[in-house]
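A.B. asks: Knowing the structure of chain A, use the given hints to seat chain B on it.
Here the protein sequences come in this chain order: A and B.
Each residue of the first sequence is one higher than the one before, starting from 25 at the first, in my numbering.
Each residue of the second sequence is one higher than the one before, starting from 5 at the first, in my numbering.
Hints in this document: simulated from the structure, not taken from any laboratory.
Positions of the beta carbon are idealized from the N, C-alpha and C atoms, including for glycine.
A hint or two may mislead.
Claimed, not checked - Here are a few chain B residues that face chain A, going by a calculated C-beta distance under 7 Å:
1. A57
2. D73
3. D110
4. A112
5. L128
6. P221
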Amino acid sequence: MFSVFLAIMVFNLSQSSLHLDAALLAINLWLFTTALFYATNLVKLPTHSWDVVALRFLPVSDATTASWALDKSFRQALFSLLDVMVGLGTLGACEHLSLSGWIALAPLVPLTFGMTLALAAFGAARFPQAPYGVVTGNIFVLAVVAYIAIRAAGPSALRFIDHIAPTCNLLLPTGWPLLLFDLLLPDGKWATALLLIPIGMVFWSFRDSIAIIRARFAYLEPILAEAPDLVPEGETEVEAASAEVYPPMVQRRIGVTAIEESILSGQFLVRQECNFPWLECRLWIWLSEREKTLAEFAFPGGLALTKMWKIILWQFFLTLGLSFVIGMASPFLGHWIFGIGLFIVFSQAMAQVLGTGVAFGALLNGGVQIPIYAAYPISYLELSRMLIKYSIIQMPLMMLLTTASFTYAMPFFGLSRPEGMILGLKAGVLFFGARFPMLVFSFSAGSNDTSRMRLMSLVLLAFFAVSAGLFFGVGAIGVMNQTEWVSWPCCGLCVFIGYAVFRIYGRFYHTNCFDLMREPR
Amino acid sequence: MKIELRGLLKAYRSTRALDYVSLEIEPGQIISVLGVNGAGKTTLLRCLAGIAAPDAGGIFLENEEFHRDRLDLRSRIYLMPDFPFLFWEQSILRNIAMILRLYNADGAGTETRVLQLLREFDLLPLAFRPVNSLSRGQLYKTGLVALLAADREVWLLDEPFASGMDPQGIDAFRRYAREAASRGRTILYTTQILDIAERFSDRVCLIHKGEIRAFDPLEKLRAQAQDKDNVLQEMFRQLREGPS
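So here's chain A without its partners, still in its complex pose (with noise of 0.2 Å):
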């Protein structure tokens, strides 16, 4: 099905922007996720997959085991392969290749898999903590601007796709091969088979990165460093009593008598209140007791939202400032410099604002996976309320960035700084209207609403794609539409939308209509 619609997107930009590069970029995306997911997958190997778990209790060695996950991995990566053939053939159908043309064709469908399997593995290897999930979301979030954009501004966008993709075939390394397809065209640039030498690489790589993978697999059981049963912060009391009683050197670990003492001076049970920087101040403050409660919950290691946001701001403005520096020497590189830091920033300030914290963490019981909060008397309401909280708190940052950044690449577009701002203000707003949206997914992602063919999962799955479809087309409309009257609205429309669609999902949340337990995949 997915290679079905791969060679539909492709068909379509290949017949409507008339230029090879778009339909390339597109088959390129494409594989990049796929690289990210795989890698994904390959990261958490040992994990993955309840088979290697089991494998685990049986007297097999852990390089067979490796050997066992591995196969797996590669075995069910071959869909990919179908993926290639199609998106690859379709485009050879649309450039009307000659019989040549198509035999040559041939290698270059295992070449393009095999290097979305050696990246997978490079990524795995050598930057197993990469955000792979937030980058793959983010692509997804990309790629539904563009067919919007797409269908509400049409040439223009397609122009500008066209413009950019052959440097994004060449910054993403998934289209090093796919950009040899020139070689087939009867116009073709020779100079293009250069790019075999990085193709080469990736390729040579291949083996050290299964030998780390391999290395990494071996099963630790984690052991912790020495008792850290030392005076929690703030129980100065104790410390006080202590430092009396003990000498210098051991006075800050507590012994049973202290702890006896921690524990009836109720310290344990006291909330750290208003402790924290402005920013978790302010959102504690806002926060019921209730919704303290479920904060303490669902962000167990304590609420980060200042830091963050002071990262993000500072990787913004340094974005903007070597994109402003560097664009007076090259515009070119500029614009590059700051659509790739604008990615970056977005990335990490969209993870942050939906952040959801542990309350969906799945934990194995009896053969299901079960979120966390499933377990505890949470309701789907008030956890939702205090998630909304989080996000508004940092709305007026979010759309601090989102209005700076249009501002200032909206001229590159055609478009007045005062028009950017405007957009800039919707998108913010659009913004938090995802906000609820999202929490559906995630409360959805822990049951098994959708696992089953029945009834009420088709009733689900139709009613997620009308959502889907009337949020993002009101608030493509709420954005590209110039008649103010009519685009605010249509913004305001989009929020509640989503708003709407978090409300109804939770009246078949109340009324038991699905678990919320999954089965393992």
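C.D. replies: Quick look at chain B alone, frame taken from chain A:
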């Protein structure tokens, strides 16, 4: 709290984990839920906790139908899965504090009770350690301390006697559970250990292929059994061989 199941059906694809089950559970009892693997024991607990959604029928708590939006009813039930849901990076004490707050059970006297429980379950010296440094049995004990400190009206425990707890821990749990039942708490636990079920339950709930085959006090079952010393084993033998 009186619990009533009225024609509860829960199916996973073609398998009926609970096949139109009807039960009335009066408060103040310890009930062992028995059955072969896959009989529907855990599903019963999950339905009672609002995690699994019944396909038909309903659950009534104090004659009020239980849905997920009934937080007032849900907060009177404590579910203890076979592997407790805790926050790995946090200490035992912080986990307990967070759970107590979630149940709104952190009122006066909590400190003394938590201290007493930690002492009983040999967790006191570990109170400030993160739970990811604990053994399986200690993890379960942490969950139990939270359960005992929260002291809800209905306790749902999945395989508490296969949790890796040491004999002292099991003994302490049994004492506290017995005392709680005498105060009107309802305790439902699943187990495969028949000896324990025979000694530590007021009533036995035997599930087989989603159906309730017995829900009787042990004395009644003993009176009906031929082998008075191995009542539950005989019941399981009959399940396997079919009614004689």
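A.B. asks: Give me the numbers of the hints this structure contradicts, sorted from smallest to largest.
C.D. replies: 4 and 6
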